[in-house]
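Keeping the supplied structure of chain A fixed, place chain B upon it in accordance with the hints.
Okay, here's what each chain looks like letter by letter:
There are 2 protein chains.
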Amino acid sequence: MADINSQFDIGVTTGPIRGSRKIHVGARTGSGVRVAMREIDLEGGEPPVRVYDTSGPYTDPEAQIDIRQGLPALRREWQLSRGDVEEYEPREVKPEDNGQLGPDRSGGVPAFPTALRRPLRAKAGGNISQMHYARRGIITPEMEYVAERENLGREFVRREMDGNSWGAEIPEFVTPEFVRDEVARGRAIIPSNVNHPEAEPMAIGRNFLVKINANIGNSAVASDVASEVDKMVWSIRWGADTVMDLSTGRNIHDTREWIIRNSPVPIGTVPIYQALEKVGGIAEDLTWEIFRDTLIEQAEQGVDYFTIHAGVRLPYVPMTARRVTGIVSRGGSIMAKWCLAHHKESFLYERFDEITEIMKAYDIAYSLGDGLRPGSIADANDEAQFAELYTLGELTKRAWEQDVQVMIEGPGHVPMHKIKENMDKQLEACGEAPFYTLGPLVTDIAPGYDHITSGIGAAQIGWYGTAMLCYVTPKEHLGLPDRDDVKVGVVTYKLAAHAADLAKGHPAAKVRDDALSKARFEFRWRDQFNLSLDPDTAEQYHDQTLPAEGAKTAHFCSMCGPKFCSMKITQEVRDFAAKQNSDSYLAATAPVEGADEGMDEMAEKYREGGDLYMPAK
Amino acid sequence: MADINSQFDIGVTTGPIRGSRKIHVGARTGSGVRVAMREIDLEGGEPPVRVYDTSGPYTDPEAQIDIRQGLPALRREWQLSRGDVEEYEPREVKPEDNGQLGPDRSGGVPAFPTALRRPLRAKAGGNISQMHYARRGIITPEMEYVAERENLGREFVRREMDGNSWGAEIPEFVTPEFVRDEVARGRAIIPSNVNHPEAEPMAIGRNFLVKINANIGNSAVASDVASEVDKMVWSIRWGADTVMDLSTGRNIHDTREWIIRNSPVPIGTVPIYQALEKVGGIAEDLTWEIFRDTLIEQAEQGVDYFTIHAGVRLPYVPMTARRVTGIVSRGGSIMAKWCLAHHKESFLYERFDEITEIMKAYDIAYSLGDGLRPGSIADANDEAQFAELYTLGELTKRAWEQDVQVMIEGPGHVPMHKIKENMDKQLEACGEAPFYTLGPLVTDIAPGYDHITSGIGAAQIGWYGTAMLCYVTPKEHLGLPDRDDVKVGVVTYKLAAHAADLAKGHPAAKVRDDALSKARFEFRWRDQFNLSLDPDTAEQYHDQTLPAEGAKTAHFCSMCGPKFCSMKITQEVRDFAAKQNSDSYLAATAPVEGADEGMDEMAEKYREGGDLYMPAK
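Residue numbers (the UniProt record's numbering), protein chains in the order written: chain A, 1 to 617; chain B, 1 to 617.
Bound-form chain A, shown alone:
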């Protein structure tokens, strides 16, 4: 077994995100729930800006971070106080869980060193899903947390419902009761495996802020467990709302344990990947028993949502044969091969209700996988894709019969004019269950830039109603992302999600934009950096042209220079205007030589308008 201490030389990324403070806001219900946020202090007498914070305790200078201990079990008390769970002896970890790693673990990562809590599950026949509580009218602390978290500083700003939400029902103010109702109706989920009490509750739904997911996976040689954990920590630092662990090969059980114990965000997986490992990579050898055992294994560890490709049905497989890019989903192709090899309907589809029984005992959410999603523009919105989507709709309703939370995965590669059809059909087929899409990429011709080709599609489908966007990095289709790629992918998706929030008209979404633009206009460079999604890059780019510290307070920028500055000229225009009294203002805007009827009309308008000028400071 490797020396544990040697694993922590590099540690994980900690420390505040520059220019912001961690704050904890008590829920106004007085229940004692405290919600983590960040606040950005500004210069020039401007009020601080409160921002949604996914980064967990890692950015809190007060927090003690030791990844060998894991994070505090924030939700543990809430769970136990409900009186509907039982501790039990877990399933024993087997060599095949870690890719046939022997008992001496040579070449493997160490097991998580702190004694694990015994797993919890619903008492026999029970149901501990947030949806189940919601449908019985219970507002959980998780729902309270979400309400406070989504509101941010909404009550402090003038609420503007300026947007087009395409039929979403975004409230002016998020109450715990609103959250409960959305979860009860299946329009939002709060992924919250009872065995992941470390997670800070968050909601995925069309009437909440658009969320993003980052995928991580283990390295071929996973000897450095801190760097595996840091992939998650790094992703959430820049804004990932959930993280999917797509590891394959050796060490995956142990690596997953390390990640979940240290993750303040929900963790998703695709259990079929691990099941396939257990049968040596031979899809035909998969069985329901092996798959079921893998679900229990991961359920006990605390995975919050499972991608289940139960919509890849036998009759849909031939629909893909004429595609340009066939089946590009790994899970989808595994199940397609299984179906054809056995000439049988998918066991995921056949055993769906049994899977649901497991989900409800731990409160794991479904992420119904789109195994037949298009892998190219040519294959978008085809028969195979939509046949599967309607099956996912059918399965959604079956999961809901057992009060199990569901979201639906979506494409993929879709040209812009076909994106909205995806959203419309999903809403129709799946009863407004949250949509969770991968991009989509709007063209295939820019490998190396697919964070952008997909960010374009993601912003649009997010606007149309997609609740969570799965990120794409610049390395998509080409190689494995490194640390920089992950950051670029996360920030790109964060800006796409925010653009969607703005367009949907989320109250207060514009607060940060307006604060940043005002800072820009007033040459408060530090505020401009600090309000950015990526303050480090913003400052670094600035300093490449004007490195002097003085330039950060200079009333000009590098684009025009000190003499030739449009913002400076505008300020002069304002000052000039401010000097005028109302009379000379009218003189300035009254018709002059050459004025035509259009100008007369405009001048009339100003007269009506009255005090159009800014008051002098």
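No lab work stands behind these hints, which were simulated from the structure alone. Be a bit skeptical, because a hint or two may be false.
If chains are identical, the list can't say which one is meant, so a pair holds when it fits in one copy or spans any two.
Said to hold, decoys possible - In silico DSBU-like links for lysine-lysine, alpha-carbon gap of 35 Å or less:
# : residue 1 : residue 2
1 : LYS94     : LYS344
2 : LYS425    : LYS568
3 : LYS344    : LYS568
4 : LYS94     : LYS425
5 : LYS123    : LYS552
6 : LYS552    : LYS22
7 : LYS22     : LYS344
8 : LYS397    : LYS344
Relative to the frame of chain A, chain B by itself:
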């Protein structure tokens, strides 16, 4: 005077874009017009893919490049043969043209070393605009060139009109007559100053492929003229359809000469910048005479389109006083200041018809500037912006009265739900004159990533009908772009423009996507790289994970590895399917245990479908 020879140490970027060949296609009219394109050869017996080529002779191994000579005067013969132009003695270059550079030119770039052609202009009272010819029913060689260039290999592929063009009238096939008609109606322009015969004709219009513009500007110390020229060469290498020279300060006349003499794409400028230099940066000191003289100066050099901020009228200026970011356009703020300082209507507006007289004598196109464009989400679509837009519409019609070509500049910063209104109002106000927008950025919170925030908006507004997209680099709002930033900006806009072409349903736009996706699916890695907008980056990213040369022919990729490859599994699915005869195919897809009505229907469908499988190879 600096030693000319020392200027050429670094030269400009030449050589083929990897994986493609320069070809010249003769116009099918038999007129002798030969159109430059690139062709990408593929492996596996796939036909080559023809792509639009903006890179000029620089990527042609046959071409002799010497920037001291400039490019061949491609259009000269066409111009002279029309018999409607005259050579004349040019205006004398003055010290203020180069920022008061003295006669010894110390600290300046050298003058262009080859004797300049005497300028051409229309014979007295004449009009040599492409619009003028078009309206008299004349199909010029420029129009023929454009027709061939826009078609690419359109006739070789199955034409699919799959898209939503929002009312554009995109033809299945572009004929010279179609081009003439579009230019005559003002729906497209062919920027083509008679004094820039080096330019390869191109069209900007809603019914043609979406174009992109890159901005360049001189360095503070412009002693190295080759690097100034290379900014243009580098931009067009990656796909810039036009280049705007936004230089200020010293040397701008001479730098511009070097750029135009070496540019195969139209060059645009904002003449008010240079005029302001001539009055020492004091906006109030600008006069019509100085401005007019600057127009003549640049007209004689060969600038193809002028940004003229004639829509910034006196009465609109106060409308901006309450904005979050006031006036952010440099040209707009200069004119606003002039108007307020003099309490007079803008001389650009008042003298508009006189400016038009100049434009038609050289065939310079208007790019009517949006001096009041929003500089933040908060200011989007406000009264000031649209007041100016309607004035631009009025000016468009006035320019058209003299058969002068016009495009209209647009924003800026606009949240997604307000983008379409910009396009709709522009079409209505400006009679379908081409729209040319800067982005728009869909959020303000991501400095350092504004090529992406704006690429999202650019793709959308391009889809809605914008004819040309002005690029934004990652350094926007922060600093001056370097070579890498320019490339990233150009490629980002190229992919946004292409995404718009796909969504509009341009025939054959999908050819490149499909070829690349097929190559991807068949693991033809080299083809995948070569078909990319940026083959170098694609290969570099691939090699970071799988550097071995053998990996470029490997039938797997780094995302899944050799054992676990969804594309490989799909191929197995196909092979498996191909082995089945029709009977066993039906058996495979017929209802199985647990089948419900839905499956019966699906199975029925396949029976109707017949040979859904790919034939075995």
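Here's how the hints hold up against the structure:
1. LYS94 x LYS344: within (29 Å within a copy, 85 Å between copies)
2. LYS425 x LYS568: between (50 Å within a copy, 30 Å between copies)
3. LYS344 x LYS568: Cα proximity of LYS344 and LYS568: across copies only (21 Å, versus 72 Å in one copy).
4. LYS94 x LYS425: neither (42 Å within a copy, 66 Å between copies)
5. LYS123 x LYS552: Result: close neither inside a copy nor across copies, 60 Å intra and 54 Å inter.
6. LYS552 x LYS22: within (25 Å within a copy, 47 Å between copies)
7. LYS22 x LYS344: Neither, since 54 Å and 53 Å both go past 35 Å.
8. LYS397 x LYS344: within (23 Å within a copy, 68 Å between copies)
In this structure, the hints that do not hold are numbers 4, 5 and 7, in rising order.
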